[in-house]
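**Student:** Residue-level listing of the chains:
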Amino acid sequence: MGVREGRTLSSADDERETARNEILLEAAIRKRYAGSPGSSFSLDVRFAVPAGFTILFGRSGAGKTTTLEAIAGLVKPDAGKILLEERLVYDSASRVNVDVSHRGVGYVFQDSALFPHLTVERNIRYGLRGVPEIERKKRVGEILESFRIGALALRLPRVISAGERQRVALARSLVTRPDILLLDEPLAALDAPAKSRIVEDLRAWNRVRRIPILYVTHSREEVFALGERVLVIERGRIVAEGLPQDVLEAPREETVAQLAGFENIFDARIAALHEEAGTMTCLLNPGAIEIEAPLARVETGAAVRVGIRAGDVLLATEPPRGLSARNVIEGTIEAIEERDFRVLARVNCGATFAVLLTPAARRSLGLAAGQRVWLIVKTHSCHLLRPAAQD
Amino acid sequence: MGVREGRTLSSADDERETARNEILLEAAIRKRYAGSPGSSFSLDVRFAVPAGFTILFGRSGAGKTTTLEAIAGLVKPDAGKILLEERLVYDSASRVNVDVSHRGVGYVFQDSALFPHLTVERNIRYGLRGVPEIERKKRVGEILESFRIGALALRLPRVISAGERQRVALARSLVTRPDILLLDEPLAALDAPAKSRIVEDLRAWNRVRRIPILYVTHSREEVFALGERVLVIERGRIVAEGLPQDVLEAPREETVAQLAGFENIFDARIAALHEEAGTMTCLLNPGAIEIEAPLARVETGAAVRVGIRAGDVLLATEPPRGLSARNVIEGTIEAIEERDFRVLARVNCGATFAVLLTPAARRSLGLAAGQRVWLIVKTHSCHLLRPAAQD
Amino acid sequence: MNWQALELTLRLSCLTAAILIVLALPVAYWVAYSRRRWKFLVQALASLPLVMPPTVLGFYVLVAFGSSSPLGRLWQHWTGHTLAFTFAGLVVGSVFYSFPFAVQPLVNSFLAIDPKLIDASRVLGASRLATFFRVILPLSASGVATAIALTFAHTFGEFGVVLMVGGDIPGVTRTISIDVFDQVQAGNYAAANVTSLVLLAVSFLILAAIYAWNRRAWPRAPWA
Amino acid sequence: MNWQALELTLRLSCLTAAILIVLALPVAYWVAYSRRRWKFLVQALASLPLVMPPTVLGFYVLVAFGSSSPLGRLWQHWTGHTLAFTFAGLVVGSVFYSFPFAVQPLVNSFLAIDPKLIDASRVLGASRLATFFRVILPLSASGVATAIALTFAHTFGEFGVVLMVGGDIPGVTRTISIDVFDQVQAGNYAAANVTSLVLLAVSFLILAAIYAWNRRAWPRAPWA
Amino acid sequence: ARASGQITIAAAADLDGALHALIGRFEGQTGAEVRLVLGSSGNLTVQIEHGAPFDLFFSADVAHAAKLERENLIVPGSLVRYAVGRLVVYVPKDSSLDFGKRGLAALADPSVRRIAIANPRFAPYGQAAVAALRHANLYESLEPRLVLGEDVSQTTQFVVSGNAQAALTALSLMFAPATRSRGRYWVVPQSDYPPIEQAAVIVGRSREKSLAHKFLEFIGTKEGRAIFQRYGFATPEKRQ
Ligand SMILES: Nc1ncnc2c1ncn2[C@@H]1O[C@H](COP(=O)(O)OP(=O)(O)OP(=O)(O)O)[C@@H](O)[C@H]1O
Ligand SMILES: Nc1ncnc2c1ncn2[C@@H]1O[C@H](COP(=O)(O)OP(=O)(O)OP(=O)(O)O)[C@@H](O)[C@H]1O
Ligand SMILES: [Mg+2]
Ligand SMILES: [Mg+2]
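Protein chains in written order, with this note's numbering: chain E, 3 to 393; chain W, 3 to 393; chain U, 1253 to 1476; chain S, 1253 to 1476; chain R, 277 to 516.
Heads up, some of the hints might be wrong.
Claimed, not checked - Under the rule of at most 30 angstroms between Cα atoms (straight-line distance), these lysine-lysine pairs were calculated in the DSSO-like manner: (1) W/Lys139 <-> U/Lys1368; (2) S/Lys1368 <-> E/Lys78; (3) R/Lys485 <-> R/Lys498; (4) E/Lys140 <-> S/Lys1368.
Quick caveat, the hints were computed from the structure, so don't treat them as lab data.
Since this is a predicted model, take the numbers as computed values, not measurements.
Please take these sequences and the hints and turn them into a complete structure.
**Tutor:** Following this line, the structure appears as structure tokens:
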């Protein structure tokens, strides 16, 4: 404790570096939900979390909530071990199982789980039992203010909106200053301005506190806005782990690729390996397109899948000259549409590529369907993917 | 009814055109939530909805859920009138108030509200009471399949994940083939792939059905993916209405602008009006930057606010030549960061501009902080905004 | 051991519990979902049969059913005998007396149901009645079980009303509770003990069955 | 009108209801939240006092209190007199007899609480006990009200056990229910009617107050 | 069998033993079937007033029978005094009280903390008990120790269960095995209290009046009286 208090006095950047290396949450969890009709589900994860934001990212039903519940002590794992700040809170081997209320965990549930009989203010005060009244008043007042829910203070949860409830739930957890924070899609019901305000608050808050925050989300925007690290979970297993850009921009797993929005995923066959150049040639789809990708441990002739982000594809209206990019593919715009300030063009080059542009670029190039264009893809934008598990 | 059945046989595009003009839901609703401690809330909206998707967009607590509940008949308005397919279902003047169960409304609640004592399959069958068993089996089977929840068919809602619950709730409403569909953030708990799959399903489904779908969301992506029309609601009032691109890309209201993600909003003063050119000159911020904007009904010297989308700003590393764009502003890159496959640059030109780029563009231009750049903003990308109501 | 009395008592208890559930469901529904401000008065009224000493209550029921009351005479006119001193009379008296135990658990269960679920059912086109049978009632399983268990047990052990209204006629109105009472009165403690044990055993089995069934009904508790 | 008996009865009923709530809360908590598979047996057991005819139950209580039982001798050793024929004895007998009415409504209310709320409380650092008092109990208001109303009313009208255990001593054990019973036995129907009316009126007021209080407790119903 | 009708007898609880014996004999002799319903005289009277299907009513006193007669609910002239109850003091087996020597005064012993009597407000044995205590000049001093039972059975149970140290109750109850095994009794002299006369009537609504008459006649026979005597009743004095 003393160490962490001291650390808040040092400069934020220094601190982040040291904190990065200090693992504050370590978990190995196995849990099986069997016996339910239909398929059964089994969770088997092992990960370490330093101070700061760690995003738990994965599709619906992947086991994110179950993981958080096990850490909080709400669900008992079948086997495993959980350490919070070097304190053993669960260990199936030595039969340690620290009670939920003593784990010092802040938890925001996927449904807000506010106490229906208490006003918003009393909900927020709930966890401040031992805190002196003056301090308590101050903390509650501050958080009501910063989450813009002061006007709701005397209302019951029943008569506020869903987004308001979510803010109250988040405030209720934060106000207790937990040692670790588990957030299960805490902003799913919030609009963009409210979301970014709260995200900003959370970041600022954690710059001072430096506790580990495990944050579940589906939203890629939130991953990049918050995430210092990402854990990708799929069917109960951690399938990728690392910095957001490493994990989501260069995914090895096709499922991660889908989650991360690899709009272009092609079946491919390795045509040649160029050891000296560090590249290899892949034939996409029926063999119509030849692509240079970074060299990988595969055999010539192997069937692979290649993912390319739509945003990594450059588009030109004339054949480009004097470019470093090895892959230039000619094609025709099949369709072009604007979506959420981004322009998505579908270009047929034998296979159909999705290409992402800014509206400004579209206008300056005067792009329209039917137009002849050239796609430019850098070698390092081509990602070899392991095939997805059967769905 | 006969008319709609016949329509499904005509070509999808023709049909969309005719349906556009046919208003299938008309509502004027006044409702006041008074007496609650803190501020009170009053809703006063009037709108008409044709077949197809209409997005109800607005920040948390704006009154979206209340609006849907009034249409469904779950909340009784204080005054107003609601017509569904030319049938009067509520009218305070003539004291008409058709019972919920007879309004033919499909409603997906913000929290899924599944029946906890029924399996997933029985939840979905719930609304199919009068349907013959063979038909019922078929429909339930189809929707289980298309929402990928077949494996959960025999489970109770308690033992499935939040995203799974949301899919079941959506399936339960759709399977009854309602005459109007009210969806309150039905995809908030879903990951991107599941979301886009279901969005695709919904669009396909509605191409055949052509019923009005009122869809509440905070997500701009969903607005553009689904919306044929958008209603923006703010503090209980409809503040904007129209096509997604018109409303969200050329917003008149600053709140809409914020919701729509106008990253650049500046205080400005009108310096000159150029009637013949259809433009006017605005001085942004302390007067450091001069901008040409489309002519509007304002006086010279008036204080206004100007919004520019980050995606509309072009960035060049050399002073551009021979361009139609009137606004070219020189500046320095303060910061540049990648977020969710988009590159956000902050450029200081006296005021700070946010500029959105593709990662590919960033790389090809070799952009980095400290670099000298030129911003290019088309006249029609500058939007005059009414100031936001006090928050 | 008077098996005839036991059989009679079982018949009475089951019949009473069955009738009470049917009667109490609409009353409880009204109490739970009505918006009247004075409904708490109805709740209090529905509890009143409890506060009368059973024999006194039995006395008034007897007066109401007897040959000198209009009701009693009407019944006599139809059936040829008074309602008092018949099995039907016992049923009526027991139903009246155990009424509060049936209503209140149901009211509580109804109130505990998330109103959103009722909304969901109505929006899916279900009428109020269908919603009641398909959502409210299944979700009130524990209230129904409690109502059945309490009314069953209460009628099983009921004594004062039955004694007054029934008149202790063997095979017609002599229930097991009266039988064991008679045995105690006569100083046959050994016989009374045997009867009491059988009585306890039988009701224990039935109550356990009711609660076990309830446990099997969809479990809402965290451990299930 | 025997006001002394009325006052005695009120005292007895309030005390019994108060004791029962205190006793029933932990039992109901256990029944609601235990993971034992056999807990339905405990539930059935807790309902058993109901199935015994009250006078017979009273007789057994009397035997258990008497000088030939260990319990009776222990009590006599401490206090110098038997538990029977004292106000304390009445309280014990009534508590035992009305036990089922206190437990079951509480169990139902506890089970109706969303387990997520209990999790939320625990995660916020509240102990099991604090969670019980700050979340479970307030959310069980209607169960508590029902438990109080039923035990109060049941004790108010209780007769068989009181008659057996109390010995009808004026000012000590002669409750209003015994008083009105005596009046009926003695053929003083007019006096019995007056007493019955007062009894009904007083209990109606108290029950109405309980239910009105419950209505004011946070309303969960859709109309509130 | 010589099936010849069925009657239902409603009788005060203290007649349990005696009537069982009588009915056994009567059924054997006539082939009729007799059902016996026991209860307190007060309850049974109320029930007869409201149409209970009883043929005969054996009250534990004369008053209740006379009340029914006044209300014209009985067969005129059918009221007979069939027995006289006897009051006893019943104490636990290990009691050291010596009634033989000291009579009722033995109850004044401080070891007797509770004395059970039937409720004198309506129970004839209760009234007799009060009279006997007054006669012995004990009522004033013992009143604080009195506890009241609803009827003689309950009064007896107070002693059987060990809660009262003495009970003034009916001799007719002293023949049940449990009562006998747990205590002993002393018969209070008949001169100490007014006689507890008990009367029977034929209910006016009876459909088996002749059989009911036959039963009443049977208890008046020598055999009937002997049975009553055996169960602790005195024979009523003839008075007309
Ligand atoms: N109590 C339970 N019993 C059986 N299966 C369960 C239980 N709880 C969850 N599951 C299953 O385990 C899987 C993982 O559930 P979990 O709630 O952890 O998913 P999630 O990743 O949080 O999904 P979402 O994003 O939809 O909330 C799901 O397939 C779910 O159906
Ligand atoms: N029953 C009620 N009584 C009083 N106020 C209410 C009630 N229901 C909602 N409100 C208030 O009315 C406003 C609008 O609520 P509503 O639920 O319609 O918002 P919303 O637009 O759906 O928000 P969100 O996106 O957060 O779900 C909110 O400020 C809320 O606090
Ligand atoms: Mg989840
Ligand atoms: Mg809402």
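**Student:** Please go over all the hints and tell whether each is borne out by the structure.
**Tutor:** Hint check:
In summary, the hint linking W/Lys139 to U/Lys1368 is supported, as the alpha carbons are separated by about 27 angstroms, within the 30 angstroms threshold. For the suggested pair S/Lys1368 and E/Lys78, the alpha carbons sit about 15 angstroms apart, so the restraint of at most 30 angstroms is met. Distance check on the hinted pair: R/Lys485 and R/Lys498 sit about 22 angstroms apart at the alpha-carbon level, within 30 angstroms; holds. Among the hinted pairs, E/Lys140 with S/Lys1368 is consistent with the structure: their alpha-carbon atoms are about 28 angstroms apart, no more than 30 angstroms.
Going through the hint list in order, the structure satisfies each hint without exception.
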